[in-house]
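With these hints in hand, go ahead and build the complete structure from the sequences.
So the sequences go chain by chain: H and U.
If you count the first sequence from 1, position 125 lands on 125 in my numbering, and the numbers rise without skipping.
Just so we're on the same page, my numbering is the position in the second sequence counted from 1, plus 295.
Bear in mind the hints are in silico, worked out from the structure with no lab data behind them.
One should not assume that every hint holds.
Computed cross-link-like contacts, SDA-like style, restricted to lysine to any residue with a CA-CA straight-line distance of at most 20 Å [to be verified]:
1. U:Lys-354 / U:Lys-541
2. U:Lys-541 / H:Gly-137
3. U:Lys-370 / H:Gly-174
4. U:Lys-370 / H:Ile-273
5. U:Lys-370 / H:Gly-137
6. U:Lys-618 / U:Arg-321
7. U:Lys-457 / U:Gly-534
Some chain H residues flagged as far from chain U (calculated, every beta-carbon gap over 12 Å) [unchecked claim]:
8. Ile-18
9. Phe-74
10. Tyr-96
11. Tyr-176
12. Thr-181
13. Asn-193
For glycine and all other residues, C-beta sits at the position ideal for the given N, C-alpha and C.
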Amino acid sequence: MTTIFGVALPVLTGQFLIGLINGSFYALLSLGLAVIFGLLRIVNFAHGAFYMLGAFAAWMLLNYAGIGYWGALFLAPLVVAVVGMVIERTMLRALYGLDHLYGLLFTFGLALLLEGGFRHYFGTSGQPYAAPEALRGATNIGFMVLPNYRGWVVLASLVVCLGTWAIIEKTKIGAYLRAATENSTLVQAFGVNVPVLLTLTYGFGCALAGVAGVLAAPLFQVSPLMGSNLIIIVFAVVVIGGMGSILGAIVTGYMLGIVEGLCKVFYPEAANIVVFVIMAIVLLLRPAGLFGKDS
Amino acid sequence: MKNLKTIILSTVFTLSATAAFADPYRIGVLTDMSGMNYDLAGQGSVVAAQMAVEDFGGKLLGEDIEVIVGDHQNKPDVGSTLARTWIDEQNVVAVVDVPTSSVAMAVQEITRQKDTAFLISTAGSSALTAEACSASTAQWTWDTYALANGTGRALTQGGAKKWYFITVDYTFGHALEADTTQAVTAAGGEVIGSVRHPRETTDFSSYILQAQASGADVIALANSSGDTMTALKQMQEFGITEAGQKVAGMLLFLTDVQGVGLDIAQDLTLTTAFYWDMDDATREWSARYSERMEGKKPTMVHAGVYSAVMNYLKAAEASGQAKSGSKVMETMRGMDINDFFNRNAYLREDGRVVHDMFLVRVKKPSESTSEGDLYEVLATIPGNEAFASLENSTCPLVKK
Numbered sequence: 001m002t003t004i005f006g007v008a009l010p011v012l013t014g015q016f017l018i019g020l021i022n023g024s025f026y027a028l029l030s031l032g033l034a035v036i037f038g039l040l041r042i043v044n045f046a047h048g049a050f051y052m053l054g055a056f057a058a059w060m061l062l063n064y065a066g067i068g069y070w071g072a073l074f075l076a077p078l079v080v081a082v083v084g085m086v087i088e089r090t091m092l093r094a095l096y097g098l099d100h101l102y103g104l105l106f107t108f109g110l111a112l113l114l115e116g117g118f119r120h121y122f123g124t125s126g127q128p129y130a131a132p133e134a135l136r137g138a139t140n141i142g143f144m145v146l147p148n149y150r151g152w153v154v155l156a157s158l159v160v161c162l163g164t165w166a167i168i169e170k171t172k173i174g175a176y177l178r179a180a181t182e183n184s185t186l187v188q189a190f191g192v193n194v195p196v197l198l199t200l201t202y203g204f205g206c207a208l209a210g211v212a213g214v215l216a217a218p219l220f221q222v223s224p225l226m227g228s229n230l231i232i233i234v235f236a237v238v239v240i241g242g243m244g245s246i247l248g249a250i251v252t253g254y255m256l257g258i259v260e261g262l263c264k265v266f267y268p269e270a271a272n273i274v275v276f277v278i279m280a281i282v283l284l285l286r287p288a289g290l291f292g293k294d295s
Numbered sequence: 296m297k298n299l300k301t302i303i304l305s306t307v308f309t310l311s312a313t314a315a316f317a318d319p320y321r322i323g324v325l326t327d328m329s330g331m332n333y334d335l336a337g338q339g340s341v342v343a344a345q346m347a348v349e350d351f352g353g354k355l356l357g358e359d360i361e362v363i364v365g366d367h368q369n370k371p372d373v374g375s376t377l378a379r380t381w382i383d384e385q386n387v388v389a390v391v392d393v394p395t396s397s398v399a400m401a402v403q404e405i406t407r408q409k410d411t412a413f414l415i416s417t418a419g420s421s422a423l424t425a426e427a428c429s430a431s432t433a434q435w436t437w438d439t440y441a442l443a444n445g446t447g448r449a450l451t452q453g454g455a456k457k458w459y460f461i462t463v464d465y466t467f468g469h470a471l472e473a474d475t476t477q478a479v480t481a482a483g484g485e486v487i488g489s490v491r492h493p494r495e496t497t498d499f500s501s502y503i504l505q506a507q508a509s510g511a512d513v514i515a516l517a518n519s520s521g522d523t524m525t526a527l528k529q530m531q532e533f534g535i536t537e538a539g540q541k542v543a544g545m546l547l548f549l550t551d552v553q554g555v556g557l558d559i560a561q562d563l564t565l566t567t568a569f570y571w572d573m574d575d576a577t578r579e580w581s582a583r584y585s586e587r588m589e590g591k592k593p594t595m596v597h598a599g600v601y602s603a604v605m606n607y608l609k610a611a612e613a614s615g616q617a618k619s620g621s622k623v624m625e626t627m628r629g630m631d632i633n634d635f636f637n638r639n640a641y642l643r644e645d646g647r648v649v650h651d652m653f654l655v656r657v658k659k660p661s662e663s664t665s666e667g668d669l670y671e672v673l674a675t676i677p678g679n680e681a682f683a684s685l686e687n688s689t690c691p692l693v694k695k
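Below is the structure:
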């Protein structure tokens with residue numbers, strides 16, 4: 001059997017694929033962060049909480065309203081987006097003119113409140129949420145057994161990520177958004193309602209976290225802590241990709257998922273710090289991030 | 296400016312005066328109020344301690360008893376600082392519960408120095424009563440040796456000879472893996488590999504693939520709560536049991552089994568110190584607990600906290616003082632500590648409370664008649680077989 005550094009090739013390919021699955025979550029979440037930071041200049045520390053909210057919304061839709069996975073995949077992100085937009089309209093808006101630090105602290109506090117609230121009502125053990133009937137089971141693809149649901153996660157996240165990138169980079173709405181970040185006064189003078197644009201953007205960013213939450217629900221426990229477990233890594237991904245760079249967030253997300261996956265084979269003890277080591281190296285060599293523009 | 300000084304000074308004097316005046320004895324429940332151990336210990340441990348104090352009558356040696364709570368956030372530095380402040384400034388005479396072995400290790404150093412009673416219910420590293428043992432400690436509920444021995448031996452004797460470990464990378468995981476390895480080899484099995492993961496891992500698939508490829512008969516999870524639940528859930532995804540490999544959760548609390556659901560947990564064999572539905576006494580206490588906990592069933596940790604606090608109070612009353620933890624423990628060694636939780640129990644000089652343990656099987660969804668109906672008790676493991684004997688003890692307090 002072919003081996004690379006003493007690890008059999010099939011095992012390695014399997015790990016590569018698994019890295020890609022985790023990378024899907026990193027990409028989805030860091031994409032939302034990048035959109036929000038790119039356009040609103042808000043470091044959204046509540047992103048992990050919105051991810052958790054997405055998963056809980058799916059769980060609640062199932063248990064209180066009888067709406068299954070496919071319905072939740074559309075409804076839960078909508079719920080999260082509405083919550084996000086209300087928060088943007090009523091609170092976050094007041095912080096736009098201030099230093100980044102205020103937005104960071106505010107969203108961090110918000111995350112603690114949301115998590116604390118859910119912890120109070122649901123505890124920390126988490127709620128089980130089953131994968132939809134059509135995606136249960138696993139397929140033997142030669143070098144590994146791939147659970148069908150995980151294959152779906154990679155596919156879904158790729159579609160969402162590329163779709164978002166296309167909207168922002170290739171459409172007229174995206175052009176308005178990008179223009180509004182460059183010079184909002186001028187864009188407003190052209191008759192574009194910038195405040196509404198910003199609210200929608202924040203809502204959209206939160207909805208992306210919600211999508212990730214629904215995708216994650218059948219894989220992990222639906223637990224109040226699920227967001228805080230992930231958010232720090234996702235921030236590292238954004239920093240490595242370059243703050244605010246959409247493409248950077250997507251590519252770095254998948255790439256780091258793979259690096260982490262391989263690390264779990266060669267040196268498992270370092271798996272939870274490898275992302276941060278890479279972050280430190282990138283910051284030393286390219287302070288603006290891999291895809292960031294020096295400004 | 297002068298005014299401000301007066302205010303500060305008078306406040307300080309008032310505060311110190313109230314502190315000195317009629318301080319009640321305090322029982323400090325030091326637990327995880329915000330992290331992944333919240334359900335299995337957390338608020339339930341606080342309620343259990345309060346129940347014990349109320350049932351005891353609320354007074355110790357003529358003084359009031361008060362239960363206070365601290366959140367150690369699963370961090371050893373936070374835990375030991377809290378414990379030190381409690382003992383130094385708040386008249387805490389017993390520190391109780393303390394999930395997470397690394398935190399318990401740090402706290403035990405403080406309670407040893409201060410000679411304060413340390414009643415461990417959740418922390419399970421067997422090192423706490425071995426090389427790190429302390430004269431003022433009682434490890435009440437379980438330890439890694441007992442679980443390893445119970446589950447490890449039962450499965451190996453049942454024909455599962457080759458073991459692979461997925462182990463959490465800190466004190467507790469290492470102890471659980473080492474203890475299980477010993478039990479497995481003693482029963483004629485062998486360990487063919489292991490992989491270590493950081494605490495609070497969200498994705499186990501890499502480790503599961505490695506375990507799957509190892510060709511082991513059993514994949515043993517030497518981790519706890521959130522990690523165990525995620526791993527169990529993901530192992531089902533990868534079709535581990537369908538492909539013929541067995542899964543063993545070395546430490547499973549009732550709340551973990553509820554968390555993953557019977558669909559996934561069914562037929563797991565595990566070792567526990569307590570199950571609410573064993574006899575009238577356990578049911579009676581559990582019903583009282585449930586009433587105060589929105590209908591939730593107690594874990595072994597909660598029952599252990601109650602039993603530990605109750606017996607501590609009895610022993611302190613009998614020894615005529617509460618301040619010296621080691622003297623209270625000395626009294627307790629001569630006492631009968633059997634109750635609804637403790638069966639055939641006694642406290643050893645290394646701090647281990649020896650009592651019967653139970654080998655149970657998780658019911659299938661079709662066998663379970665109510666939400667809390669989760670286990671079938673397979674066998675009682677007598678205390679002397681369940682826990683490590685004193686013969687090879689590395690505890691310096693054990694006289695040989």
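Distance restraint between Lys-370 of chain U and Gly-137 of chain H, which requires alpha-carbon spacing of 20 Å or less: Roughly 39 Å separates the two Cα atoms, so the pair is violated.
Is Lys-618 of chain U within 20 Å of Arg-321 of chain U, Cα to Cα? Holds, at about 11 Å.
Satisfaction of hint between Lys-541 of chain U and Lys-354 of chain U, Cα-Cα up to 20 Å: This hinted pair is violated, its Cα atoms lying about 51 Å apart.
Say whether it holds or is violated: Tyr-96 of chain H keeps its Cβ farther than 12 Å from all Cβ of chain U. About 31 Å separates Tyr-96 of chain H from the closest Cβ of chain U, which puts it past 12 Å; holds.
Check the non-interface label on Asn-193 of chain H: least C-beta distance to chain U beyond 12 Å or not. The assertion about Asn-193 of chain H holds, with a minimum of 40 Å to chain U.
Beyond 12 Å from every Cβ of chain U: is that where the Cβ of Phe-74 of chain H lies? With a cut-off of 12 Å, Phe-74 of chain H remains clear of chain U, as the shortest Cβ separation is near 24 Å.
Assertion that Ile-18 of chain H lies farther than 12 Å from chain U (Cβ): The claim breaks: Ile-18 of chain H does not keep its Cβ more than 12 Å from every Cβ of chain U (closest is about 5 Å).
Is it true that the CA of Lys-457 of chain U sits at most 20 Å from the CA of Gly-534 of chain U? holds (19 Å)
For the pair supplied as a hint, Lys-541 of chain U and Gly-137 of chain H, confirm whether the alpha-carbon distance does not exceed 20 Å. holds (18 Å)
Minimum Cβ distance from Tyr-176 of chain H to chain U greater than 12 Å, as the annotation requires: holds (37 Å)
Straight-line Cα separation of Lys-370 of chain U and Ile-273 of chain H no greater than 20 Å? Since the Cα atoms of Lys-370 of chain U and Ile-273 of chain H sit roughly 18 Å apart, the hinted pair holds (cutoff 20 Å).
Satisfaction of hint between Gly-174 of chain H and Lys-370 of chain U, Cα-Cα up to 20 Å: The given pair, whose Cα atoms are some 45 Å apart, is violated under the 20 Å limit.
Checked against the numbered hints given earlier, the structure breaks hints 1, 3, 5 and 8 and satisfies all the rest.
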